[in-house]
Amino acid sequence: MNPLDLLRLIFGNLNRRKARVALTAIGVVIGTAAVVILVSLAIGLQRNANEQLYGIGDLRQIQVYPNFGGGEGPLPPGGGKAPAETKLLTNQALDEIRALPGVSKVIPRDPLMASLLMRYKQLEGYSSIIGVGTEDLTELGLEARQGEARLQRGTVVIGPMVANSFYNPRLRPGQEPPPPPDLYGQTIQFIFIKWDSQGKEIRKMALFKVAGVLKETRGESDWSLYMRLEDAKTYNEWAMGRRINYNKDGYGQAVVIVEQVEKALDVSKQITDLGFQAYTPQAYLQGINNFYLILQVIFGGVGAIALLVAAIGIANTMTMAILERTREIGLMKAIGATNRDVLAIFLGEAAGIGFVGGLGGVMIGWLAGQGINVVAIVYLANQTAQQGGMPPSVAVYTPLWLPLFALLFSTLIGLVSGLYPALRAATMVPVLALKYE
Amino acid sequence: MGQTTVRALDGVSLEIPAKSFTVVMGPSGSGKSTLLYLLGGLDRPSAGQIEVNGARLDQMDENQLALFRRKTVGFIFQSFNLIQSMTARENVGFPMQFAGVPARERDRRALQLLARVGLEDRSAHRPNELSGGQQQRVAVARALVNDPSLILADEPTGNLDTSSGNSIMHLLAELHEQGRTVLVVTHDPRMTRFATHKIFLLDGKVVSETEYQQAVLE
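Line order of the protein sequences matches chains A and B.
In terms of my numbering, the first sequence opens at residue 1 and continues consecutively.
In terms of my numbering, the second sequence opens at residue 1001 and continues consecutively.
Source of the hints: derived by calculation from the structure; they are not laboratory data.
Bear in mind the structure is a predicted one, so any value in this text is a computation, not a measurement.
Treat the hints with caution; some may be incorrect.
[Unchecked claim] Covered stretches of chain B, going by a simulated chain A footprint (3 or more residues, C-beta under 8 Å):
# : region
1 : 1039-1053
2 : 1059-1072
3 : 1077-1083
Using N, Cα and C, we set each Cβ at its ideal position, and we do this for glycine too.
Generate the whole structure from the sequences, applying the supplied hints.
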């Protein structure tokens, strides 16, 4: 039988029993809609979580810390145990890491040990300073919003939120606080503070020009100031009261940049094996994504139960249809239909019910998802506005593959439920079918 | 079901000549319909041989039987067996769907055959809009659609009034005249007028006309 004729015959037959087909298909509609909504919800939650984790950092970066031995310090994510031996991030150690396959760059970092008070005009602010072993901050995945992300002697590049930490210390109660200052191109007075053994405060002043303001990353860089490692070293030596030899003391931290995101976990493990503490957001992301994958499967499973119930409905409808149309089956055989033709017609009708129901379910599921989105986003945006944090951009997300998969799945469910009735129809003895009353 | 064996036909051995108009007469339960269904490949014998046009039906599998029915046999039933949701034209063209004939050709041939049975103006009507006689004429057109050499009719006039029955009988006689083998199972004695061969069945056995007449009179 020609496939087009078969299709026309199948839909003609379904059209003949509209009410029954519709009632049977409603089960499939509910099941498919449930699958689409629930899986979309799980995917939406995952996207939301990933969005919130956006600040977790560049996935090509691995943060490496020295290991002081004895299991001190944070354990590397993904297991592993801290070696008893002390491993410092000396220049030699950095070369060792650089030599690992898949490593693109190793950039040392050193935070400032002293406390910092910033002054700009009548405003004061607090922040943390990070010395970085590169002049080009774009190597760390940072980009400038204003000016440039390059460091020179005597300049700093600041995170976009640093300006928000400035306040007026002479503000009287009831007075309107000043807006955050535009610090780009301005010179800020830095006051480094340390305490001697008697607890006496010692201050040191310096002037730095803001060479650039970074774009928002929702991470550490938003609230930090970056300066050249050499500058940071100078103030650290002052703070510690002794000279620093990186070959002996090591750096506070190193950022390892891998060639490809896929290599991050592998390189991270190799660095851990060398005896350092390595941390990559990739490990967390993987764990989180695995969790959401399981959530999708569970949610999809709940919807699938509804589809299973619908499948029984289809099987019932088809069994009834075959009883009612026994003579028709006999006639088809008498006029030359093969068992395969009859099987194809009835399987097609069952699959057709699944398809029609699936189509309705996908549409309802998608529409309901959009509805939930509107309500949820408004509600969550209100919540986050009250409690702070980032509003979600999406609550329910339906990727294109989901409706296609749901449609295919519902059709398949129809096909499978029709298997037994269709086989019965196909193998009927023609003469008995013709005489069936 | 299947607990007592009923022999619908028992030890029947007969030959039906090609291009004959054979009428099989017998009361209800005589096994005449079983004979027709066996010849048409709709039923299988539990024992014995059936040969049609040199083909052994008892040795064929389901698929071969379907192809045999499609190419060689045209069935006409007492209750017409038209599909109610299809128009007369679609009903006539339906067997050609299984033969893979394109839609346009199906329509052309269905209209041609409807014209031949005098129903060209009823082609778009559904069975419930046609009289019994008209429905049976649609069924005759459907039986002819794959140009079979054997026409098997099971009580074709059984559900029809006298004049409709007559017209169907004439239609069958015409088919015979055109060179087809026609086998009609009936207990309508009028049919014997057209017959070139007559077979009388009583309780699953072939009997002579005299034996049959006696038995019927008793």
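Quiz item: Can you give the numbers of the hints that this structure goes against, from lowest to highest?
Solution: The structure breaks none of the hints.
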